[in-house]
Amino acid sequence: MNLIINHSSIQPIYEQISVQIKDRIIHGELVEDTILPSVRTLAKELRVSALTIKKSYDILEQEGFIITIHGKGSFVTSANQAQLAEEKKREVEAELEHAIRKGRSCGMNDQEIEELFHIIMEEP
Amino acid sequence: MIRLHNIKKQYSQFQLQCSLEVPQNRITALIGPNGAGKSTTFKTILGLTHVDSGEIELFGKPILTLTTQERAMLGIALSNSCFCGYLQIRDIIPILSHLYPKFQKEYFLQQCKHFDLPLTKKINDFSTGMKAKLKILIAISHQAKLLILDEPTTGLDVLAREELLDILREYMIPGNRSILISSHISSDLEGFCDDLYLINKGKILLHEETNILLDNYGILKVTKEQYQKINPIYLTRKKKEPYGYRLLTTQKQFYQDNVQELIIEKCNIDEIILMMTKGELL
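Line by line, the protein sequences are chains A and B. Counted from 1, the first sequence has number 753 at position 118 by my numbering; the numbering is strictly sequential. Counted from 1, the second sequence has number 28 at position 17 by my numbering; the numbering is strictly sequential.
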């Protein structure tokens, strides 16, 4: 799979794995019906515990990116466009939230943040 | 695969009292400082020491009722035991073939070659690392369902450790197997085992999945003033430091989200052992 894990990152390892796999699905590198490596195989490859991989797969399954068939393995599902759009929207939302939190933590009030937002929106 | 329920064993200076479970398809680690009871627990599981009370089951059966065939499904490496030092690998192959109906001679020879273990040299003349490798190879060469490995990586350099762990990871791929392992080298365990038990003074202090330990647990470094104000709900241990306190939390996310300007570190297994055994209970 050639995933890269950053052990010194504060981001949990299972999240790093699920995000990277999701990225590949969104960008079409992993297409529908591709079989993912088994939990133990990927654990061996990445040298992380199998439960970590399982957690990543569970998240991907919950979000509808893969489906696990017992005894057969995990497969990439037909990611529909609405779902991908939803995913992107969530990313943007997270970044906006981050910006707002930063604004508040350095003492800006909501009105100031809103003003900034509108100024940026009006930029071409 | 393994179930210890309320085991009690009284020695003159030491009492072992624990419950532990290793399900199928799981790598479980037993960690703890020297003299914590790790090897005693291993001996107990194998029925090598008598316990005062409690139940011990392997493969769902009390250990004393296991048949010879069921015992052959175990692969074992204990810390101070190996074949007689006057033997050579060449000599132990027929012994292994007779002991284990499923002994895979070809695989064993191939792995010996891979690890540069000479077939015609007395085991006494082996280096520590060679002995350690031989023990693991013996344990995994007969399609065992369950491996019980007491400090298998002790005395090995980083390259050999990684090679051995890779062999064990490969061993797990069929999916119906389990490993119980103890080790002093916690970096080995972080990327290897699925869950771990921390034992100290004969008691289990902590049982947690490795990914939860590494992802959710954390170390907070706080000054005395910060310590007065902090919400202690997810703190489990504290340790005094020159600057104030070092705190072990089970939910670092909570403090990341709720407290500003706090030093929060991801913690490793060594740190958890240290805090759990030396820290003050909160």
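These are calculated hints, taken from the structure and not from any lab test. All values derive from a computational prediction rather than experimental measurement. Be aware that a few hints might be false.
[Stated by the list, open to error] No more than 25 angstroms apart at the CA atoms, straight line, and that leaves these computed lysine to aspartate or glutamate pairs for DMTMM-like:
1. K214(B) with E68(B)
2. K132(B) with E181(B)
3. K689(A) with E272(B)
4. K707(A) with E219(B)
5. K235(B) with E272(B)
6. K689(A) with D102(B)
7. K723(A) with E68(B)
8. K689(A) with E66(B)
9. K689(A) with E32(B)
10. K737(A) with D226(B)
11. K124(B) with E162(B)
12. K116(B) with E32(B)
13. K113(B) with D63(B)
14. K277(B) with E667(A)
15. K156(B) with D136(B)
16. K156(B) with E680(A)
17. K124(B) with D693(A)
18. K689(A) with D177(B)
19. K737(A) with E722(A)
20. K289(B) with D206(B)
21. K707(A) with E174(B)
22. K724(A) with E680(A)
23. K724(A) with E749(A)
24. K251(B) with E272(B)
25. K54(B) with D226(B)
26. K657(A) with E173(B)
27. K251(B) with E291(B)
28. K737(A) with E272(B)
29. K240(B) with E220(B)
30. K724(A) with D268(B)
31. K132(B) with E68(B)
32. K156(B) with E220(B)
33. K689(A) with E181(B)
34. K689(A) with D226(B)
35. K124(B) with E81(B)
36. K277(B) with E749(A)
37. K689(A) with E219(B)
38. K277(B) with D693(A)
Q: Take a quick look at whether K724(A) and E680(A) sit within 25 angstroms of each other, Cα to Cα.
A: violated (32 angstroms)
Q | Proposed proximity, D206(B) with K289(B) (alpha carbon, max 25 angstroms) | A | holds (22 angstroms)
Q. Holds or violated: K724(A) with E749(A), Cα cutoff 25 angstroms?
A. holds (19 angstroms)
Q.
For a C-alpha distance cap of 25 angstroms, please report whether K689(A) and E32(B) respect it.
A. holds (20 angstroms)
Q: Would you mind confirming whether the straight-line C-alpha gap from K240(B) to E220(B) stays at or under 25 angstroms?
A: Roughly 30 angstroms between the alpha carbons, so the hint for K240(B) and E220(B) is violated.
Q. When you check the alpha-carbon spacing of K54(B) and D226(B), does it fall within 25 angstroms?
A. Violated, at roughly 32 angstroms.
(Q) Hint check: K116(B) vs E32(B), CA-CA at most 25 angstroms. Holds or violated? (A) violated (32 angstroms)
**Q.** Proposed proximity, E181(B) with K132(B) (alpha carbon, max 25 angstroms)
**A.** Given pair K132(B), E181(B) is violated - Cα atoms ~28 angstroms apart, limit 25 angstroms.
Q) Within 25 angstroms, alpha carbon to alpha carbon, are K737(A) and E722(A)? A) Cα-Cα ~23 angstroms, so holds.
**Q.** Pair hint K737(A) and E272(B), alpha-carbon separation not exceeding 25 angstroms
**A.** holds (13 angstroms)
Q: Would you check the hint for K156(B) and D136(B), treating anything up to 25 angstroms between C-alpha atoms as holding?
A: This hinted pair is violated, its Cα atoms lying about 31 angstroms apart.
Q. Taken at face value, is the distance from the CA of E219(B) to the CA of K689(A) at most 25 angstroms?
A. holds (16 angstroms)
In this structure, the hints that do not hold are numbers 2, 3, 4, 6, 7, 8, 12, 13, 14, 15, 17, 21, 22, 25, 26, 29, 31, 35 and 36, in rising order.
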